[in-house]
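Chains as they are written, first to last, in this note's numbering: chain R, 1 to 386; chain Y, 1001 to 1227.
No incorrect hints appear here.
Far from chain R, by Cβ distances over 12 Å, these chain Y residues were calculated:
#, residue
1, Glu-1030
2, Asn-1130
3, Glu-1188
Computed spacing ranges between beta-carbons, pair by pair:
#, chain 1, residue 1, chain 2, residue 2, range
4, Y, Asp-1028, R, Lys-5, 44 to 50 Å
5, R, Ile-360, Y, Lys-1143, 33 to 39 Å
6, Y, Ser-1086, R, Tyr-326, 50 to 56 Å
Rather than coming from a laboratory, the hints here were simulated on the basis of the structure. Every value quoted in this text rests on a predicted model; they were computed, and no experiment measured them. Positions of the beta carbon are idealized from the N, C-alpha and C atoms, including for glycine.
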Amino acid sequence: MKVFKLIFKNILRHKLRTILTIIGIAVAVIAFGILRTVYTAWNVGVDAAAADRLITRQAISFIFPLPYSYKEKIAALPGVSNLSFATWFGGVYKDKSQFFARMAVDDETFFEVYPEFSLSDDEKAAFQKERNSCVVGESIAKQYNFKIGDLVTLEGDIYPGTWEFVIRGIYKPKFENTDATQMLFHWTYLDERMKAESPGREGNVGWYIVKVEDPLQSAEISTKIDALFKNSLAETKTETERAFTQGFISSTGAIITAMNILSFVIVGIIMLVLGNTMIMSARERTREYAVFKTLGFSAFHLTGLILGESLLISALGGGLGIFLTYPIINGFAQVIPKGFFPVFQVEPITLILAISAALIIGVAAAIFPIQRALTTKIVDGFRFVG
Amino acid sequence: MSVIIQVKNLAKSYWRNKIEIPVLQDIDLEVEEGEFLTLMGPSGSGKTTLLNLIAGIDKPSSGDVLVNGTDIGKLGESLLAKWRSSNVGFVFQFYNLIPVLTAYENVELPLLLTKLSRSERKKHVEMALNIVGLGDRIHHYPKQLSGGQEQRVAIARAIVTDPVILVADEPTGDLDKTSADEILTLMERLNKEFKKTIVMVTHDPHAAERATRVVHLDKGDLVVEPS
Ligand SMILES: Nc1ncnc2c1ncn2[C@@H]1O[C@H](COP(=O)(O)OP(=O)(O)O)[C@@H](O)[C@H]1O
Ligand SMILES: [Mg+2]
Chain R
1 MKVFKLIFKN
11 ILRHKLRTIL
21 TIIGIAVAVI
31 AFGILRTVYT
41 AWNVGVDAAA
51 ADRLITRQAI
61 SFIFPLPYSY
71 KEKIAALPGV
81 SNLSFATWFG
91 GVYKDKSQFF
101 ARMAVDDETF
111 FEVYPEFSLS
121 DDEKAAFQKE
131 RNSCVVGESI
141 AKQYNFKIGD
151 LVTLEGDIYP
161 GTWEFVIRGI
171 YKPKFENTDA
181 TQMLFHWTYL
191 DERMKAESPG
201 REGNVGWYIV
211 KVEDPLQSAE
221 ISTKIDALFK
231 NSLAETKTET
241 ERAFTQGFIS
251 STGAIITAMN
261 ILSFVIVGII
271 MLVLGNTMIM
281 SARERTREYA
291 VFKTLGFSAF
301 HLTGLILGES
311 LLISALGGGL
321 GIFLTYPIIN
331 GFAQVIPKGF
341 FPVFQVEPIT
351 LILAISAALI
361 IGVAAAIFPI
371 QRALTTKIVD
381 GFRFVG
Chain Y
1001 MSVIIQVKNL
1011 AKSYWRNKIE
1021 IPVLQDIDLE
1031 VEEGEFLTLM
1041 GPSGSGKTTL
1051 LNLIAGIDKP
1061 SSGDVLVNGT
1071 DIGKLGESLL
1081 AKWRSSNVGF
1091 VFQFYNLIPV
1101 LTAYENVELP
1111 LLLTKLSRSE
1121 RKKHVEMALN
1131 IVGLGDRIHH
1141 YPKQLSGGQE
1151 QRVAIARAIV
1161 TDPVILVADE
1171 PTGDLDKTSA
1181 DEILTLMERL
1191 NKEFKKTIVM
1201 VTHDPHAAER
1211 ATRVVHLDKG
1221 DLVVEPS
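Just chain Y, with the same shape it has in the complex (with noise of 0.2 Å):
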């Protein structure tokens, strides 16, 4: 199997008002296509910030991040913004739907910027929908969904673009028991049915078992186990 996310030598500062804060240093990761990997850790310890890095929302302060052999930290900001577009799909702990558009719109949200027409669209979002077990709640607003099928509109406009990764930040945070693991078995679906290279951040130990293999992330440093 080839290596499809590789990050090298890795370190994050942030500054606030004038003051380094060191979050990352010296990562070094390889995830390879297939995998289902998660990264756990306690609070603060940088897990959001290296998925970011992963996913090309943010930029390392040094070394390098590498996706499909893409040198995502050497992109300019639009060329980014298209990359992001066409090889990532997010997951975001609060849905981060957008409220004033349906389950279908805002699926559809990431296929505008293709050149598929209307009804290409409309093919994708439908399979998309009908995948994550909506497609008979497709005219819903997000606040007439339950936490659990947001967070599946969410998954729907990760995939609908059929993206190289998958990074989910703790996708099962705000949810009960129950759809939790409904998450996490859409998420288990998506990496053996659909062969979808997955990154997720959690907390939860439980979450952690689906998974083919753990990372830990402690005050910045990673703790690799076997899996």
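So here's chain R without its partners, still in its complex pose (with noise of 0.2 Å):
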């Protein structure tokens, strides 16, 4: 006869308060996992959001340019998907007060990064085709009554000089959140007349747009992009394109924070729970310490049978918890709109989280009994009526 025997035969002596506590576990170690699923899911959504574009900017300030020789060299890292760049160019139309972005852009990838913006393929054909074309917004469109084949001409302050372009395309945006208010054209343009009229000021681009492959290494391609180019006259500056994020983190934020906390008090209540089945069953059990006691055994001994009886309740209920946590979470991976997290799985952290969890519960669980059996003299636990 074994002592696992024995703490085996313990738990089975009342099964259905050995079943319930079990249950009780498990429930709450599936609550903790979703909370914890919920809340990585938020942190890397956080990131991923914006994370799958990154923005590689002159590290002193957003104004100054960055040479177009980076473009082949950012391309080249690896886990970079796409690149693009755009330039600010400012510039007045009509009066001061008619404000919307206007950008030279390169006709090549800059929707193919921006997806979200869409234009149709006939629209964007020609756009490329011609030097001096431009896209708008729908909104601005709307805004200006613009056709396509307009002609826009605008007086550029940045860049001197009266710009003239031809509406080639209207783009839509995809999402409610899709800024449809910019103007676009050909970066080349402002290249090749920036060699002609102010020698210098050419090769130049505002910043760089980074596609990257998997948005869990934007920090990584991050951190190698502002390495290529440390030391040089113009150093970089790479974030993930997370405005949008920012200010939707500020709103959620406390909830997030709330679950985070709420993860952990449930932890506290399992705690309780067992705590409290252990406490009963020493309790129940006086008398038999107090024999055991009585033929020899030691502390030692009266430890290993409550502490393993504790641990015993507490991994299978963190067992069976942990098992159906991963049906659980895949379910409501199902239900959850796709793309309102990039990522919604048991990350290994919540899983270890888990696992320890259901260990200290179960140390913690016995540490009463324990002491309380420890502590009763024999002959008390003799007189010792429940």
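Make the complex out of the two chains shown on their own, each in a separate frame, by following the hints.
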């Protein structure tokens, strides 16, 4: 007869109580798993929402340009799936109060890295064919009643002179929050005129837009990009595109923090549930512990007996909970709108936390019963009437 | 015959809420090897307390208890536990078997603290259960046994380690007359055939008749009668 056998027999004494305790622990572990998964998915989401697009800009200030020659070097980095760039043009349309973004972009790649700017293939081809063509967002097209073929004249400020563009496309926003108020034209057009009119200002871009294969690698790739140009005349600063996400965080941050705290409150509650079960069991067995001690069993043996039982119950409950967490999380993943969380799965850290929680609970729940069993004198144990 | 239990100047008080409750005072008692001693006395006179002190599950307030030459009052907690496991067999009024263990496993329990192998343990357990006449009930759980049978399992558990002394606290107190007689006969046999030194607390004058000597306790004082 082994100690383990006795532990096992002990947990079967009150089957219903043990089963209820195990289910209680399992449910709590599942709740813990879900909360932690949402929490980690959220944190991944914060990065990923913007993170498959990085912005590389001049380290000192956004207003300083970067050399066009960086393009090849950034594009060559592993993990970079696409690269585009843009230059802020500024300028005045009609008068200074008419404000909308005007940017010189790379006609080949810009719409690839911003798929949410949807432009028909015909319009895109027409735009690419002509040097001084442009594309405008649906919102400003409506506002100014622009039609395909219209001429837009801008008075340059950063880039002096009069600039004429023919509208060859009107892009539609794919999502509600897509910016449809931009005017985009050929960077090469701007660059050629700079070469001719302001020698020395050619070959510059405002910023690079770097699309990465795996959002989880953004931080690493950002570091690598900046390292490429360390100690050059134009050092870079690369970040994820998180303007949108930032705003979102501040409004939902409190909920996420609450979930984080709640997940640990749940651990505390399971501890009380198992602790209660263990205290009841140990109380009922006061006389038996006195018998064990009388026969010469030591504090070590009694501790093993009680701790083993507590750990066995918490392991069974924790194991069941973890086992069930996977299908439940997968079920959630089916229901949650696609793209809401870029990654929604049980992360290793959640698993590790759940297992350690079950362990800690098992140990903590045994402390009081062990202390009681060890400090009760044999003679008092025999006189104890439960 | 040599003296195996020597109680000298023993006193014991309990403390409850900072009030001292004196239970035993100035007890002197000697038990010789091979004796079957019964302790009698009214309820609350301190019989259990004295028995517990002799068996080393409680500590004297003053005085000495020597068993087989060892002053057990001077042993620390864990040494005392070790000493008990090899020197004393216990039989209680309410059997005190572990309910989730079979008769066999209950009897095996004290042997788990020894170095005996599994097969050696088996031999000892079966022998002990045969002595008490339960060779055919070894895989029964306590609740499947009668009170008398439970007490016999408890006796088997007490003798399985072949202890120096056997202590029994009202072993027949909870049994009908027939079962009680069987238990007393068994105790007598253990004393006569197996030469066990026995100290037994009892209320029952019939039980006392089986003993080789009777001592009376009254309000914590020993009243020794010649047998
Ligand atoms: N562990 C204890 N704590 C406090 N008082 C006790 C304890 N054990 C016994 N007593 C008291 O000591 C007295 C004698 O008890 P006990 O030895 O059990 O008597 P008996 O066995 O002769 O009936 C009783 O008054 C009892 O209440
Ligand atoms: Mg008593």
